[in-house]
Amino acid sequence: MDFLVWVENWPFSIWVRESGTLLAYPTILFLHTVGLSIVVGISAAIALRVLGVARAIPLPPLASFYRLLWAGFWVNALSGAALLAADATTKLTNPVFYIKMACVALAMFATVRLRRSLSARLNQVGAREPGRFLAAASLALWVGAVTAGRLMAYIGPVSGAPGLTNKFGR
Amino acid sequence: MVHAFGTWLHGTSLSWAMSGGYPWLWPACETLHFIGLALLVGVAGLLDLRMIGMAKGIPLAGFDRLMPWAIAGFAINAVTGFLFFSGDPFQYLNNVAFWMKMLFIALAGLNVLLFYVTGLHRRVHATGAGEDAPTGARIVGAVSLFLWIGVMYWGRMLPFIGNAF
Numbered sequence: 784m785d786f787l788v789w790v791e792n793w794p795f796s797i798w799v800r801e802s803g804t805l806l807a808y809p810t811i812l813f814l815h816t817v818g819l820s821i822v823v824g825i826s827a828a829i830a831l832r833v834l835g836v837a838r839a840i841p842l843p844p845l846a847s848f849y850r851l852l853w854a855g856f857w858v859n860a861l862s863g864a865a866l867l868a869a870d871a872t873t874k875l876t877n878p879v880f881y882i883k884m885a886c887v888a889l890a891m892f893a894t895v896r897l898r899r900s901l902s903a904r905l906n907q908v909g910a911r912e913p914g915r916f917l918a919a920a921s922l923a924l925w926v927g928a929v930t931a932g933r934l935m936a937y938i939g940p941v942s943g944a945p946g947l948t949n950k951f952g953r
Numbered sequence: 525m526v527h528a529f530g531t532w533l534h535g536t537s538l539s540w541a542m543s544g545g546y547p548w549l550w551p552a553c554e555t556l557h558f559i560g561l562a563l564l565v566g567v568a569g570l571l572d573l574r575m576i577g578m579a580k581g582i583p584l585a586g587f588d589r590l591m592p593w594a595i596a597g598f599a600i601n602a603v604t605g606f607l608f609f610s611g612d613p614f615q616y617l618n619n620v621a622f623w624m625k626m627l628f629i630a631l632a633g634l635n636v637l638l639f640y641v642t643g644l645h646r647r648v649h650a651t652g653a654g655e656d657a658p659t660g661a662r663i664v665g666a667v668s669l670f671l672w673i674g675v676m677y678w679g680r681m682l683p684f685i686g687n688a689f
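Listed in order, the protein sequences are those of chains A and B.
Be aware that the first sequence starts at 784, since it is given in our numbering, and climbs by one per residue.
Be aware that the second sequence starts at 525, since it is given in our numbering, and climbs by one per residue.
A hint or two may mislead.
[Claimed, not checked] If you want the ones that stay clear, here's a sample from chain A, every Cβ over 10 Å from chain B, calculated:
| hint | residue |
| --- | --- |
| 1 | W793 |
| 2 | G824 |
| 3 | N877 |
| 4 | P878 |
| 5 | I882 |
| 6 | M884 |
| 7 | V895 |
| 8 | R915 |
[Unchecked claim] Selected chain B positions facing chain A (in silico; Cβ < 8 Å):
| hint | residue |
| --- | --- |
| 9 | L563 |
| 10 | V565 |
| 11 | W593 |
| 12 | A596 |
Hints are computed from structural coordinates only; laboratory data are not their basis.
Just so we're clear, the structure is a prediction, and the values are computed from it rather than from any experiment.
We treat Cβ as the ideally placed atom computed from N, Cα and C, and that holds for glycine.
Looking at chain A on its own, in the form it has when it is part of the complex:
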């Protein structure tokens, strides 16, 4: 706990939490949302295709979206670390945070493994399409990650700091 208090008192953490500028907490939260749309959006579209939606889309060119997917992942790892530092004593004592991290790790693993199913060799006409289990797992785990992320603002220890409003209304 001493460590978490120390992290929360870094000048950077205080700036994110208390500077009161749109560039701090609100913009970092926005970047975290854009990253989510890139990572979960691209993963979901690829998973749907592997599951049999829109078969007119050839699988191999979809692999070129992985570079952008990784960019989105790093945007969220960094913005997430900043949000975490600003609110360490609350977030790191919330079990929902660890559920989210587990879902994200497993979902990224499934999504990255799914890339192998996109290769031309496995995409021969008539061949049984591989990767369906990974695609379904990726979709389910991303839904879990988004749900846990959203519920961190409601379940378990929730920050009372006015600068850390991650919800609107009730």
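Following the hints, position chain B against chain A.
For chain B alone, kept in the frame of chain A given last:
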């Protein structure tokens, strides 16, 4: 008129349910709103990126069957968005970020409309694997990406602009 609608809506049992009558309802809708966001921006974004010039191995007609998923994402978000609005209409009506978000959504709709009425969609549909999309489609794709990122920006700014800041 908007004011009268807001006052009426605030008095409905739907508004009561959303504003704490059922405490789980608001977080549940938020979760669905983020899943809808990922579906809409992810699926529509892939088409936009292909039109701009990424993953040219995909024939543009291939996206036809994927688009209903983007529309489903939009529908989820329109419904959950209206539910948020019903919970506390004036929290939104008096917020400039809300009106900017609505403006950006309307512009994104106009962008799609232009895509169809100009006949651009037919030329896009004929764009095969390895071919460049028409210049007009590149512009539509770039504008779409900009507008949806803008929609996310204004949505995220709702609790901050005009409230805590």
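Right, here's what the structure says about each hint:
Listed as outside the interface, W793 (chain A) is consistent with that label: its C-beta sits roughly 22 Å from the nearest C-beta of chain B, beyond the 10 Å cut-off. With a least CB separation of 2 Å from chain B, G824 (chain A) falls inside the 10 Å interface cut-off, contrary to its annotation. The claim that N877 (chain A) lies off the interface holds: its Cβ sits roughly 14 Å from the closest Cβ of chain B, which is beyond the 10 Å cut-off. For P878 (chain A), the non-interface assignment is confirmed: its Cβ lies about 16 Å from the closest Cβ of chain B, beyond the 10 Å cut-off.
Residue-level check passed: I882 (chain A) sits 13 Å from the nearest beta carbon of chain B, beyond 10 Å. For M884 (chain A), the condition that its CB be more than 10 Å from all CB atoms of chain B holds, with the nearest at approximately 17 Å. Chain B leaves V895 (chain A) outside its interface by the beta-carbon criterion, the shortest separation being 17 Å against a cut-off of 10 Å. The beta carbon of R915 (chain A) is kept farther than 10 Å from every beta carbon of chain B, the shortest such distance being approximately 17 Å.
Evaluation of the L563 (chain B) hint against chain A yields a held restraint, the C-beta minimum of about 6 Å falling below 8 Å. At a threshold of 8 Å, the smallest CB-CB gap from V565 (chain B) to chain A is about 4 Å, leaving the interface hint in force. With a cut of 8 Å, the hint placing W593 (chain B) at the interface with chain A holds, because the nearest CB-to-CB distance is about 6 Å. Nearest Cβ of chain A to the Cβ of A596 (chain B): about 11 Å, over the 8 Å cut. The hint is violated.
Going through the hint list in order, the structure does not satisfy hints 2 and 12.
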